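Its first residue numbered 1, the sequence shown is counted upward by one per residue in our numbering.
These are calculated hints, taken from the structure and not from any lab test. A quick note: this is a predicted structure, and the numbers were derived from the prediction, not measured. Please note: incorrect hints may appear among the correct ones.
Here are the simulated SDA-like cross-link-like pairs (lysine to any residue), alpha carbons at most 25 Å apart as the crow flies [what the hints assert, rightly or not]:
#, residue 1, residue 2
1, LYS197, VAL115
2, LYS36, GLU153
3, LYS204, SER217
4, LYS70, ILE96
5, LYS204, ILE25
6, LYS137, GLU153
7, LYS26, LYS197
8, LYS65, GLY16
9, LYS137, SER249
10, LYS147, SER167
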Amino acid sequence: MERAIHISSVDRVKSGVSKCEDFVIKFTPSLNLDNKMRHEVAIDQISMTYSWHNISPNYNNNTIKYSNDKGSTWKTVTFPNGMYSYSDLDDYLHQIMKSNGHVNDDKYDINLVFVLTTYKVVIELSNNYQLDLRNTKFGELIGFSPKLIIATEEGSKLPNITNSIDSLHINSDIISDSIVGGITSNTLLVIPTGTLKRSFPFVKEPKRALFNEVYTSRISQMRVYITDSLSRPVDLNGIDWHMTIILKST
1 MERAIHISSV DRVKSGVSKC EDFVIKFTPS LNLDNKMRHE VAIDQISMTY
51 SWHNISPNYN NNTIKYSNDK GSTWKTVTFP NGMYSYSDLD DYLHQIMKSN
101 GHVNDDKYDI NLVFVLTTYK VVIELSNNYQ LDLRNTKFGE LIGFSPKLII
151 ATEEGSKLPN ITNSIDSLHI NSDIISDSIV GGITSNTLLV IPTGTLKRSF
201 PFVKEPKRAL FNEVYTSRIS QMRVYITDSL SRPVDLNGID WHMTIILKST
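Model the full structure from these sequences, guided by the hints.
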């Protein structure tokens, strides 16, 4: 026997932890499952929006400093929360430099250049400009350690422009026997993010239902929360989503 359960973050309990990426749904009446049967759940469909950020104060990666006089004075660049590409980072830096009057004939003395052949970022500096990546994790996005850059330099590491949000883990507290990375977890589904488009909605329908056993025979409420591959909460920035779960009893 199979039953469809439709869950939307819109219908979450509005008390305690109540975010669209971490919420509780109450069932009225409770789902009372026959304890003589085996009960499993799997995600049938998810509808979401690519609304998470790679730059945020929560990640300590939203500020850098630059100097146009060999380090005598410094200007702080604060990136608004958002999902940035390499070119977005370069464009916003130039926007701030222009507002500070640090541009000559539409040419800038700091450029962030992504090199396709090496898959690394080069920071180009000229005319006594310096870039301070210390005291911030911004450098991780472009493959640099926290350091002071005083001359043109290529990153020593591969960039991490996604801030390691390379997959979404849809988790629920009614299961506990899923295995992710060799460790048991309560992950219902893992969604790779590589093919998704920023700010666009998307729908995922697994080609094969991956069932996990429900560990309780009475479900009065259910917590649903989203993390990345590092088990960090993924902030959906208030954009609601929904999913359909199949409850199978055999």
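Here's how the hints hold up against the structure:
no.: 1; hint: LYS197 / VAL115; in the structure: holds, 22 Å
no.: 2; hint: LYS36 / GLU153; in the structure: violated, 66 Å
no.: 3; hint: LYS204 / SER217; in the structure: violated, 28 Å
no.: 4; hint: LYS70 / ILE96; in the structure: holds, 18 Å
no.: 5; hint: LYS204 / ILE25; in the structure: holds, 21 Å
no.: 6; hint: LYS137 / GLU153; in the structure: holds, 18 Å
no.: 7; hint: LYS26 / LYS197; in the structure: violated, 32 Å
no.: 8; hint: LYS65 / GLY16; in the structure: violated, 38 Å
no.: 9; hint: LYS137 / SER249; in the structure: violated, 48 Å
no.: 10; hint: LYS147 / SER167; in the structure: violated, 29 Å
In the structure shown, a violation is registered for the earlier hints numbered 2, 3, 7, 8, 9 and 10, in ascending order.
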